[in-house]
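There are 2 protein chains.
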Amino acid sequence: MKLDFQKNITIVGLGLIGGSYARALSALGYTVTAIDRNADSIDYAISEGMITRGATEADAAILGEADVIVFALYPSIFVPWVEEHQAKFKSGAIMTDVTGVKGCVVERIQNCLRPDVEFIAAHPMAGREVSGVRNSDPSIFRSANYVVTPTPRNTEDAIELCCHLGRVLGFARVSVLSVDDHDEIIAFVSQLTHCIAICLMTCQQTEHLEDYTGDSFRDLTRIARLNDEMWSELFLSNKDALLSQMTLFEEELASLRKKLEQGDRDGLREMMRASTARRALFDKKPIT
Amino acid sequence: MKLDFQKNITIVGLGLIGGSYARALSALGYTVTAIDRNADSIDYAISEGMITRGATEADAAILGEADVIVFALYPSIFVPWVEEHQAKFKSGAIMTDVTGVKGCVVERIQNCLRPDVEFIAAHPMAGREVSGVRNSDPSIFRSANYVVTPTPRNTEDAIELCCHLGRVLGFARVSVLSVDDHDEIIAFVSQLTHCIAICLMTCQQTEHLEDYTGDSFRDLTRIARLNDEMWSELFLSNKDALLSQMTLFEEELASLRKKLEQGDRDGLREMMRASTARRALFDKKPIT
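First to last, the sequence lines map onto chains A and B.
Residues in the first sequence are numbered consecutively from 8, following our numbering.
Residues in the second sequence are numbered consecutively from 8, following our numbering.
The shape of chain A in the complex, shown without the other chains (with noise of 0.2 Å):
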């Protein structure tokens, strides 16, 4: 199934990623409206022409007419919101999310919703140091992946739509992966390295380190920069993925640390080609 022209769509949350989505998808023609508790962003997204109408609360006219409504909200708002407001959804209505973990979301909105409308999620894998609906930019989706996670309850139908919704708004690459599977590479890749850099800039408080540090240094740290009630939200949402990935890394950082202790300089080196053997993969196939 495709996203065609006559379909109508609503984003509920208008932050920097539901703005993004707004942003892209009237620019190419279709039809978006909006849900956002603040009366600013709506007005804002209206006279920037990327919505047509808005609402701060959950308008039944608005709902009654979506075919297609994308969630960009905290996960903690996201499931008691369609609890609560589900009932003026629209019937055959396909939903999608925008959530940066999955686990702690997919399973209780399909198990919540009603029969007759379909939520398959996604994660779009793109963000800036920046936050708001003013600072909305659909071309972070440019270099960025786009991931879609179905479960055994979700249709064909509706999967195809999810995926070309992501190459709609000019993603770089849309996969398909197991809910479990997103939860344990988002772990790894976004929340364990975010956890380093934070404990990198927050481990030593030697004054004037600043003025001795190089790009090393600075390229890890940052994203040590970061909104903290929404990565909190994310760190919780996934926690025993991101402990997994924290324990695995903790046991590396162990064993480096048991070579340097018995000056073990071949297994030293042995880490080290390891390490620039398999870096260089990340090189190798740069997103396209």
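I should point out that these hints are in silico values taken from the structure, not numbers from a laboratory.
No false leads were slipped in.
Since the list gives no way to pick one copy over another, a pair counts as held whenever it fits inside one copy or between any two copies.
Each computed SDA-like pair below joins lysine to any residue, with the alpha-carbon atoms no more than 20 Å apart:
| no. | residue 1 | residue 2 |
| --- | --- | --- |
| 1 | Lys-246 | Gly-274 |
| 2 | Lys-266 | Met-237 |
| 3 | Lys-266 | Leu-255 |
| 4 | Lys-9 | His-171 |
| 5 | Lys-246 | Lys-265 |
With chain A held as given, fit chain B onto it using these hints.
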């Protein structure tokens, strides 16, 4: 004391850094000679006009004329080389180095050295992911730090000459640190970050991870590609300082882990806010 054009400069070790020194100094009009065990490196450097003369042995004529000798050797080779060949040095010569760790070399060199020559240590904090004289390029100094690490045995004249060399080479910032402070800072900003990058690369063997990798992970692992001979030696040469910094980091990661296990959202957010605030310092004062 300034590095005037009457001074003969000899580079011992024509690799990436030694070669970049030779290229920069000869381009400015200094008379540069070199010693390197690899004849090809010497021939290349002569053909490029980087040096006027070179030798593959510790040539007595070259060393006997050198007013300034720059050692660009691995720490394990550096000390025995000086012990063996110092009889050939010119009386009054100033020696400096480019070694990335200082505690393991400065005292040993100063202890063994003839009383009529002086060793003043320096660390040009620059590098590339490639090595060898053919990759030498003085532009790597432009945004980098150059740190001089004198001891009480050093004269003001030699410290000044060494600082002047850093400015002549084009470093963005020339500063002076004690040997211990230098090694602690290097253990943290450079060696610990390399340990982390290595472990991130080797702790997880999931296939096709590179297909789902975003900029955060790429940034954190750029330095995971490294020269295992050089880096194992740097780690082992600065073992105690590096182990101390690893401990600080491991304890901080354990603290974050505990907050996550306990669902301590406020504690996580507090760490994230501290990280965000401290990271801002590293943006505010770019190297100028």
